[in-house]
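A.B. asks: From just these sequences and the hints, can you work out the full model?
Just so you know, we're using numbering that gives the first Met the number 0 here: the sequence shown kicks off at 0 and counts up by one.
Calculated from the structure, these hints are not laboratory results.
Take the hints with a grain of salt, since some may be wrong.
Claimed, not checked - Heads up, simulated DMTMM-like pairs for lysine to aspartate or glutamate below, C-alpha to C-alpha not over 25 Å straight-line:
| hint | residue 1 | residue 2 |
| --- | --- | --- |
| 1 | LYS21 | ASP40 |
| 2 | LYS27 | GLU54 |
| 3 | LYS6 | GLU88 |
| 4 | LYS6 | GLU101 |
| 5 | LYS6 | ASP73 |
| 6 | LYS6 | ASP77 |
| 7 | LYS21 | GLU101 |
| 8 | LYS51 | ASP11 |
| 9 | LYS126 | GLU88 |
| 10 | LYS95 | GLU16 |
| 11 | LYS95 | ASP11 |
| 12 | LYS27 | GLU16 |
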Amino acid sequence: MRRQVVKFSTNDNFILEGDFTKIEDSVKGVILAHGMTVNRDDEGIFVRAESKLNELGFSTLKFDFRGHGKSQGDSLTDFTISGELRDLEAAVNFMKDTNILELNIAGASFGGSVSALYAGTQRNISKMCLSA
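C.D. replies: Below, the structure is given as structure tokens:
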């Protein structure tokens, strides 16, 4: 298991930061999409979820949406649904580039809404777990 801080770009040139944990020899992965007023740790919920998912053999990516945590952007002017969809798409592309073939999303609060919107238009998501 290898954990690292990563940065990746959206198609509208925002730099996002996240924590990526790669489970060697696993093609399963989960993107953790946080809520509106928190960052990628989602008040510790995603820290615990990440650990359990890694134990179960899933590589994980927790990332800060634009305007949150250590990602670029302003939380008032840059935080839009279309922007969050671009952020999630960038996270999906990052995971694909690491040879994740079975991609899942866990979204909390606003991150759950964005995840549902994204998955509704894409065929590359295996499973979803959403929390309001």
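A.B. asks: Failing hints, ascending?
C.D. replies: Per hint list: single violation, 8.
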